[in-house]
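So the sequences go chain by chain: A and B. Residue numbering for the first sequence follows this note's numbering, beginning at 1 and increasing consecutively. Residue numbering for the second sequence follows this note's numbering, beginning at 1001 and increasing consecutively.
Please keep in mind that the hints were generated in silico from the structure rather than gathered at the bench. It is possible that part of the hints are untrue.
27 angstroms max Cα-Cα, derived BS3-like pairs, lysine-lysine [claimed, not checked]:
#, chain 1, residue 1, chain 2, residue 2
1, A, K102, A, K23
2, B, K1162, A, K23
3, A, K134, A, K59
4, B, K1023, A, K102
5, B, K1002, A, K55
6, A, K23, B, K1023
7, B, K1102, A, K2
8, B, K1102, A, K15
9, A, K15, B, K1162
10, B, K1059, A, K2
11, B, K1055, A, K23
Chain B regions said to be covered by chain A (calculated; three or more residues, Cβ under 8 angstroms) [as the list claims (entries may be wrong)]:
#, region
12, 1033 to 1042
13, 1073 to 1087
Values in this document were obtained by computation on a predicted structure and should not be read as measured data. Built from N, CA and C at the ideal position, the CB exists for glycine as well.
Chain residues, written in single-letter form:
There are 2 protein chains.
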Amino acid sequence: MKFSPLISELIAGLKCLPGVGQKSAQRMAFHLLERNREGALSLSQSLFNAMEHVKHCAKCRTFTESQLCDICADPIRGEHATMCVVESPQDMLAIEQTAEFKGRYFVLMGHLSPIDGIGPADIGMPELANELKKGAVEEVILATNPTVEGEATAHYIAELCKEHNVIASRIAHGVPFGGELEYIDGNTLTHAFAGRKAL
Amino acid sequence: MKFSPLISELIAGLKCLPGVGQKSAQRMAFHLLERNREGALSLSQSLFNAMEHVKHCAKCRTFTESQLCDICADPIRGEHATMCVVESPQDMLAIEQTAEFKGRYFVLMGHLSPIDGIGPADIGMPELANELKKGAVEEVILATNPTVEGEATAHYIAELCKEHNVIASRIAHGVPFGGELEYIDGNTLTHAFAGRKAL
């Protein structure tokens, strides 16, 4: 026995969500059918709208349905001399939530990963070079993840900055606030010692 | 900073799925936007189709888009003398997967729960009484969950069967196959002893 065709299709559809397998998809499908048909209809509509209309910002490559995202469209922030390079829109949100950084962004939408066939063109390097060529950017802050790929990407972009005479800086790596030294990995501790500052 | 309106709506929409909070919804939204727009569009369509067309089977109350579900529409199974009563379509699927039971079903779509305001009419008792009145059912197998509400529901239906001179039976409770006695709760063990059979 299987579920009726429309229910089977719904379960198969829900499995395209990350982290959702057969059982979770069944639970979601029946939850929506039993308790939240309105929510499901509105989700159906938002999925359609987002997939049809969300494109990349022409300037920083983040996701947006407009030509430019809110930050790039801002006359002050969009032409700011400091540019922060991040891997994803979620990283951009995390930085925005600190309300510390007031410059513009460039979103790679990934990182260099030759093994997966992701080269410089896939992470917007031609667009970034264009932006640097204009001469408005004075400093590029590299906020890619502290992983092997993130570090390689940061180094690649630092070289690009050198070519265009733009200062490149990397966010600090060290012991996170609230962390306990006892539980912090050796790599992070090594970075924390190497990056020590005079008090 | 927030995401653009369409992305925020998509994230809010995904949060109506059970077990999905803000962070998971963000992860799902960006995963779909970056890697699976086609899958998302097809999910949007299946959600719409299922919510608009899936209703309850006129006979057993399970979910289906037809007038009768596959089992009720089957000329042999749909008029079978043995009826199995379950709480949900998922329970029905679990029993069908054993391929042991060849009779018909009645799906309560819940269980009696006075504290949540769920009474006999909400779990289809009038429809079940109607079905029993027709005289075609000889035995009702009560396969509700072994919880307080499931047991109460089973007792309620057993009384209804008595009124209509139909045999009511309850599935056996005991030690599950592959279980180890050491780790089985006292309640289950008590049931296993009380329900012992002569060899």
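Practice task
Could you tell me which of the numbered hints above are not met by this structure, giving the numbers in increasing order?
Solution key: Hints 1, 2, 8, 9, 13 contradicted; others consistent.
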